[in-house]
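Visitor: As a plain string of letters, each chain reads:
Protein chains: 2
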Amino acid sequence: MKYREILDEIKPKKSEKEKIETLCKTLIDNINDIAKKENIPVEATLVGSVAKGTWLSGKADIDIFLPFPLTTPEDELREKGLYLGHECIKKVGGKAEEKYAAHPYVTGHIQGYEVDFVPCYKIKDANQLRSAVDRTLLHTKYIQENLDEEKKDEVLLLKKFMEGIETYGSEFKVGGFSGYLCELLILYYDSFENVLKAASNEWRPGYVIDIENYGTSRKFRDPLIVIDPVDKNRNVASALTMQKMTEFIVAARNFLENPKKDYFYPVKLKVSKEELKKEIKKRGSRIVAVIFKHPKLPADTLYPQLKKTEMSIKKHLNKEGFKVLRSGHWSNEEDLGFLIFEFEVWRLPKYKKHFGPKFWIKKHYYRFLRKYGKENVWVEKDRVVSRRERKNYKVESYIKELLKSGKIRVGKDIKNYVSKSKVMNETEFLDYVPKQSLEFLKKFLNPGIHLWR
Amino acid sequence: MKYREILDEIKPKKSEKEKIETLCKTLIDNINDIAKKENIPVEATLVGSVAKGTWLSGKADIDIFLPFPLTTPEDELREKGLYLGHECIKKVGGKAEEKYAAHPYVTGHIQGYEVDFVPCYKIKDANQLRSAVDRTLLHTKYIQENLDEEKKDEVLLLKKFMEGIETYGSEFKVGGFSGYLCELLILYYDSFENVLKAASNEWRPGYVIDIENYGTSRKFRDPLIVIDPVDKNRNVASALTMQKMTEFIVAARNFLENPKKDYFYPVKLKVSKEELKKEIKKRGSRIVAVIFKHPKLPADTLYPQLKKTEMSIKKHLNKEGFKVLRSGHWSNEEDLGFLIFEFEVWRLPKYKKHFGPKFWIKKHYYRFLRKYGKENVWVEKDRVVSRRERKNYKVESYIKELLKSGKIRVGKDIKNYVSKSKVMNETEFLDYVPKQSLEFLKKFLNPGIHLWR
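Chains P and X are the protein sequences, given in the same order. Oh and the first sequence: position 250 is 250 in the working numbering, straight run, nothing missing. Oh and the second sequence: position 165 is 165 in the working numbering, straight run, nothing missing.
One or more hints might be untrue.
[Stated by the list, open to error] With a straight-line cut-off of 25 Å between C-alpha atoms, the simulated DSS-like cross-links for lysine-lysine are:
hint, chain 1, residue 1, chain 2, residue 2
1, P, K442, X, K381
2, P, K381, X, K353
3, X, K315, P, K443
4, P, K323, X, K323
[Claimed, not checked] Facing chain X, according to a computed beta carbon distance under 8 Å, are these residues of chain P, among others:
hint, residue
5, N254
6, K261
7, D262
8, H354
Since the hints were made in silico from the structure, they are not lab data. In this text the structure is predicted, and so the values were computed from the model without any measurement. All C-beta atoms, glycine included, are put in the ideal place defined by N, C-alpha and C.
Start from the sequences, fold in the hints, and give me the full structure.
Guide: The structure is reproduced here in structure tokens:
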């Protein structure tokens, strides 16, 4: 593999670097000027991938932290922090947008960049932590002190590979590897290829990486455990799902066996509705989708709720005797979402066998007999059994009733929308959905397609 | 309940008793005469329900045992025993038929009765047992010594009730209660009603009845344990299945709640092919039958083999993803048999999800990937998964192939016949089967129908 070629494409050029550095300096100077003028005891600090020099060309998210003394009351921190952000954005002619993480913060859209202004506490070590964002200062410092120039290139390769195979990002939607986790993996294994080799050969569920030898790994029950060098009580990989860990390992093995530049870029898919219809027909399975309008929500709110709803419906379907082969969810992140289910069993008899108690649990036995009538009860080994009419023996009508039943666990922000869903089979559904979801559907039908090139 | 009324119908009248007693005396005298003449050291003994006075009117099976001294070699016992039987049958103008249990024996069809002549060893107690038949002498003696006239009536009621609800008989086809077991239950509980009450209220799997307090119950792992008063190492109820034990208890509870004379007689069913077709259609399930010719076999050979074949096919069906709701088997006990399956799931997609190894079991992982190709493999949590074409996605074609595959466990005497079966759906099947199987089919569709009136 000629990694040089890839680095040429993903490593920020001198001009990009200078432009960003200049912008950052201007913003920080501005903040500090305002702070001084208003007598706010803050010195703005650049953090994140820009500060660490590990951002992918064209993808610089500028994070400017506003560390307040530990003695500042939370109200004051929030108020003055947001004020500083807004003032700075105003001064450089950007557009402000308030957001919420552990604290509220301001994002400025400035000269084509997204710049986050985040109030935080000025902590020296993890013992002084007030909230998760405070840790970022320590992370930035740790990487700046430990990651040399050569390894920064390796970080870029790892991040870009992760992007290509869809395992990059610790947000809920992905459940993959964060940027900081990529940096630590390079610190620990020295190079991109070494990370892939170690993952391929050594990783298994519960694998531990403890760079500073804190010995605190037994606290964690996660697929991968990477003890934070700046906080022995935190697993940097806590957001990584078993699914994404395995996907990374499988893609790594595929890559090592036959390295190709294509792995560093998203898999190319051409999809049309006609082609998807043909593909589904050939499988001889049944696909049913639950489609609904929903309000605009932050991605980290929206996706967990979609997932929760999907899982709850799936659980009910399987319990009823319909068998779900695979399921998934999608949203345009604006106003339209759907859940999708592929079935191994989508039609059932008009009655179901209902198992009652063991014959010797007399109270339940007699209650069962009274409820169903002795003429509808029989015996299988030591249990009584009865026949029960099944109201919905086709999966679509079952789902329709389920959605109205109040039995499923639905995320609270989408609850009232999901109950008004349309339930469609594969043909109706493919005619209905927007084109932007076709790539998702192709991947839903071919769930390993992004793991090889 | 007026049990008197029932007893009037089921208790042998004086004339029936005298006729049987006279016949038995004639047969025994004949045997003893021949034995004396031929110098065979045997004194014929009447055993079984006739000897114990517990036979149901019109159902006297006469059992005449021929006890040889313990020193007799087995060959000689067999040869001389059969000889005595044949000679006796010849003398009274009956028709002989040789049969096999633990030893060979002769059945004579004499004056409308079936009379078994069974050679055995003359044992004094269970320690001297050579084979299971020898025990019968001890059973007969024990019941004769312990069961008084009043209790004989109770035995008749219990046997007749068991017949009515289809739990009477310890042969494999039934798996129910033997006559001797009924007698012991009456000895233990005193009356028919007490047996029903005890079963209803106290019995549960592993319930122990140990009349002679031998304390040997822990040897047994059966649904019901009744230690044989004449042999502490035997469970008289060992042939009783959990199924029949529970059926008896359920029917007993139904009877006690609303006693009716009808419980003592088989449930009356009117069945027609048209009615069965309608009933099946209403269920919305699918029924498939495997029909085959088979040779005439003893019932205790035939039924276990049918059952074994049924269970093996069912296991494969469920493993493949077809879901069997209920299954059964039937034979005319001459030359035609069938296995029958009702399905909750009878159709599957054209592909199946095939779970491979966990990702860290590397040898299996790479074998799996080579076998299916990385383009057909994906990841679910920590496992690799692939898609596999399903050759038979309809249940009939799956069964047809399964029957030819050699994968199912089939009873050896019916193996070559089962492999040439016809596989039919409910409509074809109902047009094809003989009328005598319709009652079985009605019960197959309504498996509790014999447990209440």
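Visitor: Identify whether the interface hint at P/K261 stands, where standing means a beta carbon of chain X within less than 8 Å of its own.
Guide: Not OK, violated: P/K261 not within 8 Å of chain X, min 18 Å.
Visitor: Would the hint linking P/K442 and X/K381 be met if the CA-CA limit is 25 Å?
Guide: Given that 25 Å is the threshold and the Cα spacing comes to 20 Å, the pair holds.
Visitor: Please verify whether P/K323 and X/K323 have alpha carbons no more than 25 Å apart.
Guide: holds, 11 Å
Visitor: Would the hint on P/D262 be counted as holding, given a Cβ-Cβ threshold of 8 Å to chain X?
Guide: violated, 14 Å
Visitor: Are the Cα positions of X/K315 and P/K443 separated by 25 Å at most?
Guide: Violated. X/K315 to P/K443 sits at ~34 Å, over the 25 Å cutoff.
Visitor: Taking 8 Å as the limit, does the beta-carbon of P/N254 come near enough to a beta-carbon in chain X?
Guide: Because about 6 Å separates P/N254 from the closest Cβ in chain X, which is inside the 8 Å limit, the hint holds.
Visitor: Using the nearest Cβ pair, does P/H354 come within less than 8 Å of chain X?
Guide: Hint violated; P/H354 Cβ to chain X Cβ min 12 Å, cut 8 Å.
Visitor: Holds or violated: are the alpha carbons of P/K381 and X/K353 at most 25 Å from each other?
Guide: It is violated: about 32 Å lies between the C-alpha atoms, which goes past 25 Å.
The structure does not agree with the numbered hints 2, 3, 6, 7 and 8 stated previously, though it agrees with the rest.
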